[in-house]
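Number of protein chains: 2
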Amino acid sequence: MINISVLGYGTVGSGVVEVLDTNSESIAKKARQPIHVKYVLDKREFPGSPVEDKVVHDINVILDDPEVQIVVETMGGVHPAYEFVKGALERGKSVCTSNKELVAKHGAELLALAKSKSINFLFEASVGGGIPIIRPLNQSLTADEIEEITGILNGTTNYILSKMDTEGADFAEVLREAQDKGYAERNPEADVEGYDACRKIAILTSLAFGKQVDYEDIYTEGITKITKTDMLYAKELDAKIKIVGSSKREDEKVSAFVAPVMIGRENPLYSVNDVFNGIYVKGNVLGDTMFYGKGAGKLPTASAVVADVVDAAKHIGTNIMTNWSTHKLELADFEEVSHRFFVRVDEVEKEAAAEAFGQVEEVNANVAGEYAFITKLMTEKEFKEKAVALSSMRNRIRVAF
Amino acid sequence: MINISVLGYGTVGSGVVEVLDTNSESIAKKARQPIHVKYVLDKREFPGSPVEDKVVHDINVILDDPEVQIVVETMGGVHPAYEFVKGALERGKSVCTSNKELVAKHGAELLALAKSKSINFLFEASVGGGIPIIRPLNQSLTADEIEEITGILNGTTNYILSKMDTEGADFAEVLREAQDKGYAERNPEADVEGYDACRKIAILTSLAFGKQVDYEDIYTEGITKITKTDMLYAKELDAKIKIVGSSKREDEKVSAFVAPVMIGRENPLYSVNDVFNGIYVKGNVLGDTMFYGKGAGKLPTASAVVADVVDAAKHIGTNIMTNWSTHKLELADFEEVSHRFFVRVDEVEKEAAAEAFGQVEEVNANVAGEYAFITKLMTEKEFKEKAVALSSMRNRIRVAF
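Line order of the protein sequences matches chains A and B. Take any residue in the first sequence, note its place counting from 1, add 614, and you have its number in my numbering. Take any residue in the second sequence, note its place counting from 1, add 614, and you have its number in my numbering.
Treat the hints with care, as some may be off.
Copies of the same chain look alike in the list, so a pair counts if it fits in one copy or across any two.
What the hints assert, rightly or not - Dumping the calculated BS3-like pairs for lysine-lysine here, alpha-carbon to alpha-carbon at most 25 Å:
| # | residue 1 | residue 2 |
| --- | --- | --- |
| 1 | K842 | K731 |
| 2 | K942 | K643 |
| 3 | K862 | K912 |
| 4 | K928 | K729 |
| 5 | K643 | K896 |
| 6 | K700 | K825 |
| 7 | K896 | K912 |
If you're looking for bench data, these hints aren't it; they were derived computationally from the structure.
Please model the entire structure based on the sequences and the hints provided.
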């Protein structure tokens, strides 16, 4: 029998307890032994709940108990999760976490610590919820050198953009509706400004390229400026507007960003709608592959955490190799990254646009008083320099085709 | 350094050698040591090729060499692959194979043999080509009890059906074109009759449910009877016709089949087109997930084989647990499996259809002289009994929505 402890009995933490209970028999078979929840750490009490008698309020009860071999961290946030996780690893307990902030900020350090102790620090649930992506990147795509990862990594914003697309509604309206339904937080900043996706692409990029990517270095743009008019043009282009986290390796340099992009029908991410996530990975020999599923939610996320618990239980005393060193990966300067840009200006600036951008692809969605076009491929820097000539820019969205 | 040998220097075997060469540095890092191809077994010689000096014609050279720790089998077919693989495992060499016939037929036995020797029998490339599916099923979805696997498992038939859909062409015409382009074999039976997909769903079902599924027990229907007229109706229904391998667990009974089905737009497999494969998996806590990518081809398939080689190298002396016992899984009687059926009859049988099937959903694609409808949910047996009343059935296709 393996004793585990769960730090934080919120949505995911209670989901972990529920999954371990629901599938206890098959999980015991796969972990080669039963998994027993010995403690649950939370500030609150949970009278009448299945963990009523397991709740403790002091992390040291867990850290000091040699019977606890695996710690599940589902508290979220960097502090005190970091101190608790580090304390557990230092005492030889493997840790499984769903906490993307923690992994993005301290992943490399905590992996190195786990390795030095021959235990494991696992974080499948930190990206893509229930979708297996961390373990496949780590253990399945080992024959390849990764060339690109582009993911729809945030279910809330994908839901909002999908609704704006299908209902022709504006951002604020759909956000309000999503908040009422509980799909978006009352303070939606982390989702709609792209901060959540930024941490996730930082984790995936670190894993894929083997070095620490600081999420603060990643250019991040949210979806608050996307309008229903933009959606009209996307339809005209047979495209969809999706906010993606993306990293690419070109000439030994890795670039990364989070931003809304126009995606064409031939892109496998085109069909990833509503609250679903999809993560496209391109390997130099494998070619295109995509992982799809529910990127959030109590049970999908708990499923990923429990899969990590099973793996940790199977590997007591053995570190599972992870290719993510503490060396910092210097990202390419985003100013030098190239895209085509979809641009909307006042109709009167049609000539100014031609002068600034040269030959462009016009896009007509019958919007009165407006002129829209797609530029040729150019760097962010070039685009900004040229765009100075246009005084009426209504929006500009990067184009992924 | 790990010495490996490759059995069969055809498309996949030569791809394995190429991938090991192309990515030798990153592969050595992930395998914790360089991988060296010591022998290549083939009947032919390959003068001027990179393996010119490594070719042997006698399997015993490889089996008797204690330096060879991993054998890659990319010959295809059951014999002599089975004897060679068994011989390698008996001598303590791990085996990585892309051979679906071998795995479907003897997987359970060879896994048990590998386990008894503390070595590994790995077969990621046998299903879905480069798509990671075997390892995720085995190691990532461990918190879940699998409820359904439905996959587009054969790229050739998906290409044919996609072309029939987009070009309004008939089966024979597209098949000929696919053969000319090398996408379909001159003898296309294994693909178009569903036999290839049948072996693959047998493998996935065995892994997901932990017991040996004999592929001979799986109802298998190909795509040779699908016409361009069927495609017109599919369009009318906003559906696509795809040949899938599918298995489901209901009330502790597992059913499985291979057949063309109508798939609706909300299904993630709807967007899996051309030569791509997609494998949808439903877990009882995870919900829906899908794995997407190139299901065949030299380098994608070799990528999966080499990932297995890396895993085997990392696990020298340790068996990676696989949940696939030699106990036979008794599949549910296919006659008792339920679907809705799309049916086309002569227009004059409209009343006979109503009499036989009761209330149906009519489908009108403006095909002269024809009446088409979708039945309510019923078993195969019920359908056959009712269909006896109709003398003009032009086609019937199962409906997955």
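The hints, checked one at a time:
no. : hint           : in the structure
1   : K842 with K731 : neither (53 Å within a copy, 63 Å between copies)
2   : K942 with K643 : between (40 Å within a copy, 18 Å between copies)
3   : K862 with K912 : between (31 Å within a copy, 24 Å between copies)
4   : K928 with K729 : both (16 Å within a copy, 15 Å between copies)
5   : K643 with K896 : between (34 Å within a copy, 20 Å between copies)
6   : K700 with K825 : within (20 Å within a copy, 41 Å between copies)
7   : K896 with K912 : between (29 Å within a copy, 16 Å between copies)
Against the hints set out earlier in the document, a violation occurs for number 1 only.
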